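Line by line, the protein sequences give chains A and B. All residue numbers for the first sequence refer to the numbering used here, where the first residue is -19 and numbers rise by one. All residue numbers for the second sequence refer to the numbering used here, where the first residue is 70 and numbers rise by one.
Since the hints were derived computationally from the structure, they do not count as laboratory data. Warning: the hint list may mix true and false statements.
[Claimed, not checked] In silico DSS-like pairs for lysine-lysine, Cα to Cα no more than 30 Å straight-line:
id : chain 1 : residue 1 : chain 2 : residue 2
1  : A       : Lys118    : A       : Lys133
2  : B       : Lys198    : B       : Lys162
3  : A       : Lys78     : A       : Lys52
4  : A       : Lys118    : A       : Lys174
5  : A       : Lys78     : A       : Lys133
6  : A       : Lys133    : B       : Lys417
7  : B       : Lys417    : A       : Lys78
8  : A       : Lys78     : A       : Lys174
9  : B       : Lys119    : A       : Lys78
10 : B       : Lys162    : B       : Lys119
11 : A       : Lys78     : B       : Lys419
12 : A       : Lys133    : B       : Lys419
13 : A       : Lys118    : A       : Lys78
14 : B       : Lys372    : B       : Lys119
[To be verified] Pulled from the structure, derived: some chain A residues nowhere near chain B, Cβ distances all over 12 Å:
id : residue
15 : Val3
16 : Pro42
17 : Phe180
18 : Val201
Predicted, not measured: the structure shown is a model, and the values here were computed from it. C-beta: ideal position from N, C-alpha, C; glycine also.
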Amino acid sequence: MRDTATVEPMLDIRNITLRFGGVVAIRDISFDIRQGEIRAIIGPNGAGKSSMLNVINGFYHPQEGEIWFRGKRRGPMRPHEIARQGLARTFQNIALFKGMTTLDNIMTGRMTRMRSSMLEQALWWGRAEREENAHREKVERIIDFLEIQSIRKTPVGRLPYGLQKRVELGRALAAEPELLLLDEPMAGMNVEEKEDMSRFILDVNDEFGTTIALIEHDMGVVMDISDRVVVLDYGRKIGDGTPDEVRNNPDVIDAYLGVSHD
Amino acid sequence: MFYREAGDFKTSYSDDGQTFPIAFDRWRYYAVMAVAFLVIPFLINDYWEKSILMPFLVWSTVAIGLNILTGYCGQLSLGTGGFMAVGAYASYKLMTAFPELNIFFVVLLSGGITALVGVLFGLPSMRIKGFYLAVATLAAQFFLVWLFNKVPWFYNYSASGQITAPERSVFGILVTGPNAAPWATYLFALVILTGLAWVARNLTRGRVGRSWMAIRDMDIAAEIIGVNPLATKLSAFAVSSFYIGVGGALFFSVYLGAAEVGEAFGIDKSFLVLFMIIIGGLGSIFGSFAGAAFMVLLPVLLKNVLVGGLGWPTDLAAHLQMLIVGGLIVLFLILEPHGLAQLWRIAKEKLRLWPFPH
Ligand SMILES: Nc1ncnc2c1ncn2[C@@H]1O[C@H](COP(=O)(O)OP(=O)(O)OP(=O)(O)O)[C@@H](O)[C@H]1O
Ligand SMILES: [Mg+2]
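The following block holds chain A by itself, in its conformation from the complex:
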């Protein structure tokens, strides 16, 4: 276990409340994500985990609360602007570009880092070609890292589920994010695929120093790879701490066993 307690939070979520009409998806939740850690978000179905990620990357706008990123309060921003601040994510239901190849999907992940103008692109002149090749080199490294060389030119719509998840991780990594949000990266995978994915996540965190927040239902995996865990239930936060602390928290145990305190 690393000691990240002294480091200032990279992302500080303060008193967020998110409502959809009468449904309160998130109720006054605060927690932080520290530089360099793997932070897990767990909780039963419908707890508000995905909604939380959607708030973080600007897809949902909470009615109350503040988000502080790198010591600054974040104003209202569109998701594509937030992406440029160094946030990337994957989705619970894979959201790849189905008609594009693996290579193009991952290249698209580098969108925020491309600078050539429309005119340069049109004439394939100046920066356009140089930039394309430079980014291609970075993308090839990600392809090697994720061991997906053989499906480079395959349209992703034709790939099996497990590989699609991997390509989606590749697309997020291509942005070289500071904070990577993963929504159930191992859902629907077999044990072997889960092991691979866990290894990739740990390697990303280790080698690139990427801060990671992930949602996952598999407790074994969560306890293994995360530094700290936040537990949600019915839109509330019911636990927050190291895997050991969370494991022994009575509220968390109840939420998972479905018992209620009276």
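Given the coordinates of chain A, work out where chain B with the ligands should sit on it, guided by the hints.
Chain B with the ligands only, in chain A's frame:
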């Protein structure tokens, strides 16, 4: 003939990204270009120019334009005829207002003006998609045709309401007006189309094309990885309308010579181009050419074989043509959304592996 990529190793990412990665394809491309530029101009006659080659060049230009918007960026448009009219009327106004301006620049400027109009009509795409956007572009189609009909300034107050292209030349050779030689109009349109097809290929292979396709395939994910949806859609509307405007300008000034807006640029043209890219292949530059060729050649073929050869009445042949096109559209939409271009790719794939399928 060996159609192989074996021994054709790519040693750089530039090589891997080129338009025709297989040497044989590259040579075929050079051969086609050589025939188009060096052989056809000497053989062309009035019939070939008017019924086949000029329509093919014009419709290819327009089809690439619509394919960028609909095939690459996923924004369905039924306003193609209206945007062609913008290009045509822009070229007419430019030619009559600035007689000194070279026709080459007239055509490109007409594209530029159409691009601006396209962006304007693309603004609703910020809020609406799919069917509703298609209806909005349909409204644009009717509005534009109505506008060019209603406001006499656009047709310089001519009594007939028609616009007629004055004679203009490039390097002293006439390319518009009734006295232009077939080879001259053909080469003029060919040069423009070749340049624009090359630009379209460049745009679709890099950052811009990927952002269009990302919006098409999954707009939410695109936005979350940093694609600005509005800017991206508007850029597709702009580029697409530029091509359609250039096509419209060529159609009127170089091909037709005179035009009446409702007849030349009606809703039937919007559908014609849509059919071209569906049959040719959505999201493919080559498919735009294939679709244009198909839709230009089919009526000519039917007319020659059925009417000329078998003595069928003309209207029967025309009905059969509609049946064939309709059937093909349904077939392609259901079975092969990537059209002729994909069939061609599959055929090449088979050939590449032949005779060992594994
Ligand atoms: N766009 C939306 N509109 C209306 N209600 C929503 C929306 N998104 C989420 N909700 C509601 O918010 C609550 C939390 O949903 P959320 O998807 O965040 O749960 P989750 O913890 O990710 O669950 P799961 O483990 O099933 O993925 C649910 O009651 C859900 O119905
Ligand atoms: Mg969820």
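Quick rundown of the hints versus the structure:
1. The straight-line distance between the Cα atoms of A/Lys118 and A/Lys133 is roughly 16 Å, inside the 30 Å bound, and the hint therefore holds.
2. For the suggested pair B/Lys198 and B/Lys162, the alpha carbons sit about 34 Å apart, so the restraint of at most 30 Å is broken.
3. The straight-line distance between the Cα atoms of A/Lys78 and A/Lys52 is roughly 37 Å, outside the 30 Å bound, and the hint therefore fails.
4. Taking the CA atoms of A/Lys118 and A/Lys174, the gap is about 25 Å. The hint holds against a cut of 30 Å.
5. Restraint check for A/Lys78 and A/Lys133: satisfied, since their Cα atoms lie roughly 13 Å apart, inside the 30 Å limit.
6. Pair hint A/Lys133 plus B/Lys417 holds up; C-alpha atoms about 16 Å apart against a cutoff of 30 Å.
7. Restraint check: the Cα-Cα separation between B/Lys417 and A/Lys78 comes to about 23 Å, which is no more than 30 Å; the hinted pair holds.
8. Taken as a hint, the A/Lys78 and A/Lys174 pair is honoured in the structure, with Cα atoms around 23 Å apart against an allowance of 30 Å.
9. For the given pair, B/Lys119 sits about 41 Å from A/Lys78 by alpha-carbon distance, which is inconsistent with the 30 Å threshold.
10. Annotation: proposed proximity of B/Lys162 to B/Lys119 holds, straight-line Cα distance about 24 Å (limit 30 Å).
11. The suggested pairing of A/Lys78 with B/Lys419 holds, with an alpha-carbon distance near 23 Å, which does not exceed 30 Å.
12. Proximity of A/Lys133 to B/Lys419 is assessed by CA-CA distance (about 17 Å); at most 30 Å being required, the pair is judged to hold.
13. Between A/Lys118 and A/Lys78, the direct Cα distance comes to roughly 22 Å. Compliance with the 30 Å bound is thereby established for this hinted pair.
14. The hinted pair formed by B/Lys372 and B/Lys119 meets the criterion: a straight-line CA distance of about 15 Å does not exceed 30 Å.
15. Consistency note on A/Val3: stated as away from chain B, and its beta-carbon is indeed over 12 Å from all of that chain's, at 20 Å minimum.
16. Here A/Pro42 stays apart from chain B, with its beta-carbon at least about 17 Å from theirs, past the 12 Å limit.
17. Here A/Phe180 stays apart from chain B, with its beta-carbon at least about 18 Å from theirs, past the 12 Å limit.
18. Chain B leaves A/Val201 outside its interface by the beta-carbon criterion, the shortest separation being 24 Å against a cut-off of 12 Å.
Hint compliance for this structure: hints 2, 3 and 9 are not met, and every other hint is.
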